[in-house]
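First to last, the protein sequences are chains A and B.
The numbers in the numbering used here rise by one with no breaks, and the one at position 57 of the first sequence is 57.
The numbers in the numbering used here rise by one with no breaks, and the one at position 167 of the second sequence is 1167.
Hints were generated in silico from the structure; no laboratory data involved.
Errors might be hidden in some of the hints.
What the hints assert, rightly or not - So these bits of chain B aren't anywhere near chain A, every CB distance computed over 10 Å:
1. L1086
2. P1099
3. A1103
4. R1132
5. K1171
Stated by the list, open to error - To give an idea of the interface, some chain B residues facing chain A are shown, with a C-beta separation under 10 Å as derived from the structure:
6. L1098
7. W1180
8. Q1182
Cβ atoms here follow ideal geometry from the backbone N, Cα and C, with glycine treated the same way.
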Amino acid sequence: MSADKTTAAPMTRPPRYDKVLYPLLVAVLLLGAWQGAVTGFKLPPYLVPSPLLMMQTLVTDWQVLGGALLFTVKITLLSFGVAVLLGTLISFVFVQSRTLETALFPYAVLLQVTPIVAVAPLIIIWVKNPTASLVICAALVALFPIISNTTLGLRSVDPDLQSYFEMNRASRLQVLLRLRVPSALPYFFGGLRISSGLALIGAVVAEFVAGTGGNSTGLAYQILYAGYQLNIPRMFAALLLISLTGVALFVLMAWLSRLALGGWHSSELSRD
Amino acid sequence: MAVEVLSAHKTYPNGTVALQPVDLSIREGEFVTLLGPSGCGKSTLLKMVAGLLEPSDGRLLLWRKPVDRLEEAGRKLAFVFQAPTLMPWASVATNVRLPLDLAGVPRAQADARVAEALTLVGLEKFAQALPRALSGGMQMRVSIARSLVVQPDLLLMDEPFGALDEITRHKLDAELLSLWAQRKLTVVFVTHSIHEAVFLSTRVVMMAARPGRIVEEFHIDEPYPRKPEFMVSARFAEIARQLQDSLLRASHTSQEEPSA
């Protein structure tokens, strides 16, 4: 195995820093152009703040924005967790019985296609606790990719391998744990990547709809509020934080996926 | 008799006759090859023997027991698929241990048997490797080790080396023969290669397609162990020619199926 690794290394294409370097170059170019345009055309900060001003606001308003970031991240992670748990459980039920899947899958689709903005006001009225209502909204958005991907994965079993298990009189539980779950992992992680982003979107959208003040406010509320005050630099700073949260989630999921599948699944093998 | 097929046949619900009623008896210790073109029902027959397919009618007995009650006869069978059919996420050792794990064999005992099986196929150094790190031929060896680890009496192989290059195939054929002799196995082997059939078998069962059926049987009384030189001998060529003729006759007499 160790010999395998050393021979594989020179064959793997662009070393890792390229993956960071190239996008970074684009960022520098874009930010430079943006800064140049703002100073060159003397754009007022209440229309377009310069990147420098945005960073400055991020630092000066950190008291407000940091707390809001924490709140949004909390909602996102909670709803993501709920979605993963619930979605995985539902898929397990679906694979055990075609009848149940046929009966229930349309409702999973219904859940997915109903815009969360339309449902959120109801949930916010029904559920007293603001955190809980936001988590429910965001989890609803994040749920579907987990269900559909994991169900597909649990069914995507090599038919010969399945025959082999049957021939050896494997129990349902053995088939599930030793065959279906490992086969489903690549699909499950694909679902995680989509779902983590959706949880963030759900959290932000729900908060926009909720729009409540009080002490528990997230980034979306900061954007709304800064908008009313024409505090555009703060809007941009909050927006930046939301984007960075999304990127961080994506990177985290990609890392988890590599950790779990790196050895064997073709999606995570280095190309040669 | 190790295997008795009593007028078993297979017709699919859409009317396709995969296999006409077939009778076949295989004695213990025989190496029987089912040979024929695609669509002749050789895989169907093998899968019915393995209990993977239900016959539409007729009976199949292994040591006088139906396949699902084989353990009453104190016998075991193992099936080797055309593809290695390994779990890509699990190490070679875990793959080979699978049938023992499923049967609840204690870990220490299972590990000892896995080591033994891997030694038999010459892969003891690769126990911890993942399947993707191995070549096609080596993966097939893992698959064979997994079938041997249950210490089967009957080994059913469905074109196991069909996807391998010829040199690797010859090598694995030779290894298979030595395992067969060493372990006193009964083997039913499916192939579409005449040469492979002649080299391996004590008996070749020739099958024809549309509808799938048995047309002829050949006993090959060349003594074992068979050396690679056998493959270039005049005798080998003669037997191969007979099989070839039989195959041609069989395909000539194949009736086209009436369109339903």
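Here's how the hints hold up against the structure:
1. L1086: Incorrect as stated: the minimum Cβ-Cβ distance to chain A is 8 Å, not above 10 Å.
2. P1099: Nearest chain A Cβ is 5 Å from B/P1099, so the label is violated.
3. A1103: The claim is violated: B/A1103 sits with its nearest Cβ about 7 Å from chain A, within 10 Å.
4. R1132: 6 Å, violated
5. K1171: About 22 Å separates B/K1171 from the closest Cβ of chain A, which puts it past 10 Å; holds.
6. L1098: The hint holds - B/L1098 has a Cβ within 10 Å of chain A, the shortest such distance being about 8 Å.
7. W1180: 21 Å, violated
8. Q1182: 24 Å, violated
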